[in-house]
Amino acid sequence: MSKIVFLVPLFPLLGFLINGLGRKSLQKQATAVIGSGVIFCSFLLSCYLFSLVPAGDGVVKLFDFIKVDGFSIPFSFQVDQLSVLFLLIITGIGFLIHLYSAAYMKEETADHYARYFAYLNLFVFSMLLLVMGSNYVIMFIGWEGVGLCSYLLIGYWFKNANYNYAAKKAFIMNRIGDLGFLLAVFLILFKLGTVEYNEVFAGISTLSTADITTITLLLFVGAMGKSAQIPLYTWLPDAMAGPTPVSALIHAATMVTAGIYMIARSNILYTMAPTTQTVVAIIGLATAIFAATIALKQNDIKKVLAYSTVSQLGYMFLGLGVGAYTGAVFHVMTHAFFKALLFLGAGSVIHAMHHEQDIRKMGNLKKYMPITHITFLLACLAIAGIPPFSGFFSKDEILAAAFAHSPIYYFIGVGGALMTAFYMFRLYTLTFLGNFRGTHEREHHLHESPAAMTIPLIVLAVLSVIGGFMGIPAVFAADSHWLEHYLAPIFAGSTALVTPHHLSHTQEYMMMGIVTAFIIAVILYAVNTYKKGIGEKEEAKGIGKLLENKWYVDELYDAVIVSPLHSFAGFLKNVIEKTGIDGVVNGVGKFVAYGSRQLRLVQSGQVANYLLIMILSMVIFFIIWFNDLHIMRFINKLF
Amino acid sequence: MLVLLLLLIPLITGLGLFAIKNEQQTKTIALLSATATTVVALLLVFNKATIIYDTPWLQSLGARFTLKADGMAKILCLLTAISYPLIFVAVYQRSYKNSASFYGLMLLTQVGLMGVFLAADALLFYFFWELALIPVYFLCSIWGGEKRIAITFKFFIYTFIGSLLMLIGLLYVYFQTVDHSFAWESFKAVSLGGKEQAAVFALMFIAFAIKMPIFPFHTWQPDAYEQSPTAVTMVLSAVMVKMGIYAILRWLIPIVPMASAQHAHMVIVLSVIGMIYASLIAIKQDDIKRLIAYSSIAHIGLMSAAMFTNNAAATTGVMIQMFNHGINVLGLWIIAEVIEQQLGTRKLSELGGLAQKAPAMAILLVILSLANVALPLTNAFVGEFLMFNGLFQYNIWIMAIAGTSIILAAVYTLNMVQKVIYGELGSASVNATDISGHVKVVLIAIVLMILAFGVFPQHLIELVK
Amino acid sequence: MSTIQILFFLLSVLAIFSAIMMLISKNPVHSVLWLITVFFAISGHYILLNAQFLAIVNLIVYAGAIMVLFLFVIMLMNLNADAEPRKHQWMKLAGVISGGCFLMVLISLVRQTVEITGKTALVKEGNIGLIKNLGKALFSDFVVPFEISSVLFLSAMVGAVVIGKKD
Amino acid sequence: MPIQYYIYFCLTLFSIGIVGVLTRRNAIIVFMCIELMLNAVNLLLVAFSKMHHGAALAGNPATTAGIDGQLFVFFIMVVAAAEVSVGLAIIVMMYRNTHSVDINFLNRLKN
Amino acid sequence: MNAIIFSAVLGVLLMFSGILFQKKSAITATAVASLTLLLIVNVAETSGWIAIAFDTKNLLSFTKFGLFFNTILFAATLIFVLLSGTEIEKTGVNTAEYYALILFVLCGISILTAFNGLLMLFLGIEIMSIPLYILTGADKKNLKSNEASLKYFLMGAFSTGIMLMGIALVYGATGSFDLNAGANKPGSAGLEIPSFLKSAGYILLFASMCFKVSAAPFHFWTPDVYDGAPSVFTSFMATIVKAAGFFAFIHLFETNAAFLGPSWKILVSFVIVATLIAGNITAVFQQSIKRMLAYSSIAQAGFMLLALFSNNDMAREGIILYAVAYCLATIGFFAVLIKVKDYTFDGFNGLAKKEPILAFVATIFLLSLAGIPLTAGFFAKYYMLASVVKNGGALWLVITAVLFAAVSVYYYFKVIQSMYFKDGNPEVASGSAMYKNGLLLLAAAIIVIGVLPSIVLNWFYF
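Residue numbers (our numbering), protein chains in the order written: chain A, 1 to 639; chain B, 1 to 465; chain C, 1 to 167; chain D, 1 to 111; chain E, 1 to 462.
Worth flagging that the hints you see were computed from the coordinates, not collected in a lab.
Possibly wrong hints are sitting among the right ones.
DEER-style ranges, computed between Cβ atoms [stated by the list, open to error]:
| # | chain 1 | residue 1 | chain 2 | residue 2 | range |
| --- | --- | --- | --- | --- | --- |
| 1 | B | Ile401 | A | Asn549 | 50 to 60 Å |
| 2 | C | Ser2 | A | Ile635 | 46 to 56 Å |
| 3 | B | His180 | E | Ala44 | 53 to 63 Å |
| 4 | B | Arg94 | A | Gly22 | 52 to 62 Å |
| 5 | E | Lys144 | B | Thr55 | 26 to 36 Å |
| 6 | B | His180 | A | Met632 | 25 to 35 Å |
| 7 | C | Ile60 | D | Ala58 | 47 to 57 Å |
These numbers were taken from a predicted model, which means no experiment stands behind them.
Ideal placement from N, C-alpha and C gives every residue a C-beta, glycine not left out.
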């Protein structure tokens, strides 16, 4: 196993290099084949690793990355259940999205096409480093690397200044989180002298609770940035500026779940820091609700999905916060399926609509795009949590755990789920049902997407439907939760620490039933309301306007942080630097020049004046000589 | 003998160049000399042992001509050696009037720089310290920008004051040595009292602080970088500012350890203020050269803070970061030079959209910028990681504040990237073409180094150990 | 009060009075004459101190040669009429005050000097001022400076010629 | 005579010379004042010479102690004479060119 | 003794050479020959080959230090004549007399490097000064030269008066003119109490010596005189004469500084700081390079005074080195300056283009004056600073000196800026090849000394 582990990230890296360096000479076809092929290779390898894992030895060291007095950080990979699971998600979904992109990006010129695939490959590489790294530093490398690729891909259409702005915003907000991550790494390094997972988790008992809490909180700050949690979530909706497959891969399926992976990986730390867990749960829950409310009033197809992603990520954090690590990972997986599907579906729609993303101008697309329609619907059902679609199982697991923790979590979570169902079906209805509300010319061009795009849709749809069966709750069949068993070694430390308290089966059935009923009601209501479409000019009022403008959070950040920072920087540049420090420096020079002009007047040319000064200075000499002791005392005092 | 070659090759060619009239010949000879020096430096680096060259010089003064190439000296010599051919190739197409003098002075500067890094004798060190400065004064004043004379003058006098104060400090220590010798070992063996250490520290630190520069002694730097011919700016910012850092590591902390520890807090706080301060100002810069200058101040601030944490790993970080920062900033200056040469402006507001016109440059700029923000797997990451780690162990809050600079670095660097290469074409970039072949070669070499030392930093770490 | 004392004070008062007169007389010729008076008074002092040689030399060299030279020059320039415009009053005042300060400081210094209290200058007696003794010393112990002063004279002579002659 | 008297007297003369140098404008008068200063010094030297001689005489009747003081006066006179010749030559040269000996007009060179 | 005798005799000889030779260049050649001879006999005495022995009755004592100093100053004079001989010829009609006067000055200098008592000090200074009054006024038609001469003379004579008063007071206190005479009498508490009279005398002597070396606040004559005097003689005065003055100053106070008590250090540091301020700060604003050099010579004096302050072995070595460095650089720079018609900074604009060699050597000289390493000036300043640091304490004085050294860089480099960085068409008389080669050699010498100062000092120690 150790021999081939490094091949997994190597393939995407090769793809990146070939596509990146050869972008001038490669044909589009070749680019696509290479780009997707390398990911497929990685996928196959991942599958192979998957089969090896239960027997494998875990950590594979490649070389010493940093080795200095005091600590050493190897460049090594850790292959265990958790990472292999993520490997599969990343390479699997990654491959599908690459395939999809091959068709979606057809309109680009060859070199930009190659650039796109290069970036995408680089992203997969970084993501693989993130999940495969055996210590926090390697994870951090991937962590920053995916941020970079996200930046590059959001700003892929670099001519558009807004896209660049969005890309920059994403990178900078991520960096804020990264700082937290870095601080946590330093604290771990400081306290334990190592950043290797195994050693850190083994040495955890030597740490005080305060330390663990600090470490976990700081790590969570990193997760906030990467996984778009309050307050660092605003970049993710803006990140929709990138090509849609990118949104599917990076901003739905993989990168944004890095925070969940990280916490799941460090589960033992979090379990030992209940305070942090509470914080994680509350922030997750708040994000889930908050983003869901915004999604209710969005009219951009991708923005809705983006807020939905933020909201779903919030659920995952809720799961982590209440100790349902498996549930969270489970939700990561199912969410990867259906959210990727939704994005790809949206991409298909956008492709057909010639880059029109406003859902108010769509409608009745099911007539023109049957495959997209069906798959999209399945995904909507999955995310809404209708049994037996995958989303039901994962969300239910989280909510159940939340209920066990505190019913308030549960009820708020359910409220979010209802909102999810509402805005998803609002989106679905406005897009696929009703009448077409765009121009005729556009209607004329509507078409189903090519096979390269629909095949991934279909595959993902299948996964979205059946993916949930990986984790059938105990209430349906005892010991049928395959995922829990599979991941048990990873979370063993945590499960040992907490006493699980299960709900009674009746209670669980009841909850499931009631919630499902509510969701179905909400769906019907949404479909009914929006069948007619909504007017473009319709002026929202009150809370609606607030939601439409995303609670004015961007404006708030701008007013509270960005603008003051800029004016402060301007103040530093123009006042402190120029007139302050440089003024002092130049002032010394000016003072000398001034002194020179004044002092040369003493040189009056008059002999009598000269002699007068000489005589007076001699008198002064005598006076000094008389009082030398006093003067010495004075000088000694001075120095 | 090998170390002596590092000085002799540039010295002889540098002096010889003044006699040559033909511009093409000048360039070729300069480039050959720089390459030869690089080869020697590489030989030196691959030689694991500490190499010493020692010959009597001023015996009555207790000064000897002692050169010592240990790890830290080697890495900086390597930086000096490598940066020269890169610079020469990068400005190969540019025609400087009186090019023989230009290249001659450049090579003489190299002698000074090498000498500073190699000298193991305080007086010799001081000599080279000044020797590195004088040619730069002429280079900037003759070939610089519009306001060159006044600006360079300010720079010169500022650093000159510093170096004279340093001389006093060195003298002071010299008279306390047991054997009245300027040798580094004798200096190190001196044990001064608390008050004396404080005095020596103050005297020498100011010199180094001005050179590096540390806030608030930095105001000469953006002006000087802006006004100097870019080839000189590259030397200044890639290599010369390292003199200050190197000097602190070699000549300040070991000699007055007590005072260094006592004042560490002040220095670190100053440095951190400087980091944030320079980063914030960089955000507001519209001139690409000034932006890089302020960014450099911020990076140097981190190094100076890390040096004083009294943490072995952080010191290692500083050493390799000196090298890496030199390489990175060199690349950025080359890009700035290309832009200014080609488009006649350095204003970010007039640029834009160069990714369409000059894709190769755009890619290289992005990579260099990433190195500038110390993204992992670029060379700068390792150094910054080690330095931040040291700072963290020194004081978590200071580190947290200093850490915001990595956010701010992202802000101004990406600002620059965005305004230069992305967006619609700017008023000045309409006529842009992509970078020419040899500049590309240079930049690719730099990028390869960035990546190589980013992925395998351990080689550098081994070197400085 | 002995004769010598009386003589001392007489001469001193004369010298100081003449000096002040030299200072304040407007006519340069008068100044020269007053200065000659001072020199005479000083020569008187020399005689009191039994420094006969110096007394004579002072008269010959100073009062005779040098002051005559001055007089010549003044007359040559026709400065006998008061050609001197008034100096700024404050400058005069400053001059007097600073001169006074200088005097005060030095006198206060001398007053505090312990080692000369009670010391007297030998008056009338002592024959070192006699030409015989001086000559002996001059040509034995002080022959080097004596010879060297010839260089001084030579250079002064050359200088005066170089400066004075018309090109 | 008590030596203090001589000292005071000479210092007074010296200071009068100084005051003259400071207050007069005529270069020749200024020069004369300098001569006055020199004379004051001369007298002081002779007085000191006699003082030291007197002190030494008590122990050794044949002593020539103090003779150096008088010889010094002799050399001062030599120098003064030389100075006068040069100085007057310079003043005359000046007068030839400017028809003035007023030192207040000596201000072409200043600042 | 060799030097004194030969300089006097050769001076007389040169005086007559004016009658013998019609061509001025022949006179210059004679002067060069005389100076060479002088140099040789002095070296001969130093090394003990031929020395005219003469019982000076302890009035003069010829130390190695003093003789070596003589050698330096004679050599500097030789270089000065070689470089600027043609300019001396141009100054007036009395070329032979000028050379004679220069040799008489050297005679005075030889006395000053050997004096053992106040009498010889006085004579030496007068022999040195009186010819200078003449040389200053050598340009008889030039009103500035006249004015400078008269000012110099009046103030010089005045300072002589002050010095004599000082000597008289010292004599009164000690009964002797010997430098080391009159040890202090122990007071009642067994401590030595300073003699007030002697102290007053030495303070006056100090003031008058300050005047001679143009230390503030007795420096006022310097700018005016240096500015007004013919440039070639300014060069001579500012270098060789001043160095000799310093030697005398240091020699005078070598043993007599102690009894002035703590006030001595205060006085000297007061004078040093005042000199540094007056010289450096005032120089900054000058428009004329010649006048700037006058102020800069004051500033350099401030640095040399550090030797007086520290008064140790290092200071003595340093003053030698300083004399060498300062003389060479200043003589060299004046040799260039004389060739340029316009003495203002603007008059130097573009010199590097027109006369690259002149500009280059001038740069070296200026760098040396500014004390930049690799030039002799650096080690000169280095020794001064080191001598003070060696004594311990007084770091503040060193720091002050250093800060003012930085100020000095400002005005020296302004000249370099004019020559190299500004465009213009300066009127400059092109010198002969010998002249240029001489300058190049001089510049080379400065750099060699800058790298290996031991060359100079080893001669001193043999």
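Tested hints:
| no. | hint | in the structure |
| --- | --- | --- |
| 1 | Ile401/B / Asn549/A: 50 to 60 Å | 34 Å, violated |
| 2 | Ser2/C / Ile635/A: 46 to 56 Å | 51 Å, holds |
| 3 | His180/B / Ala44/E: 53 to 63 Å | 35 Å, violated |
| 4 | Arg94/B / Gly22/A: 52 to 62 Å | 32 Å, violated |
| 5 | Lys144/E / Thr55/B: 26 to 36 Å | 53 Å, violated |
| 6 | His180/B / Met632/A: 25 to 35 Å | 29 Å, holds |
| 7 | Ile60/C / Ala58/D: 47 to 57 Å | 34 Å, violated |
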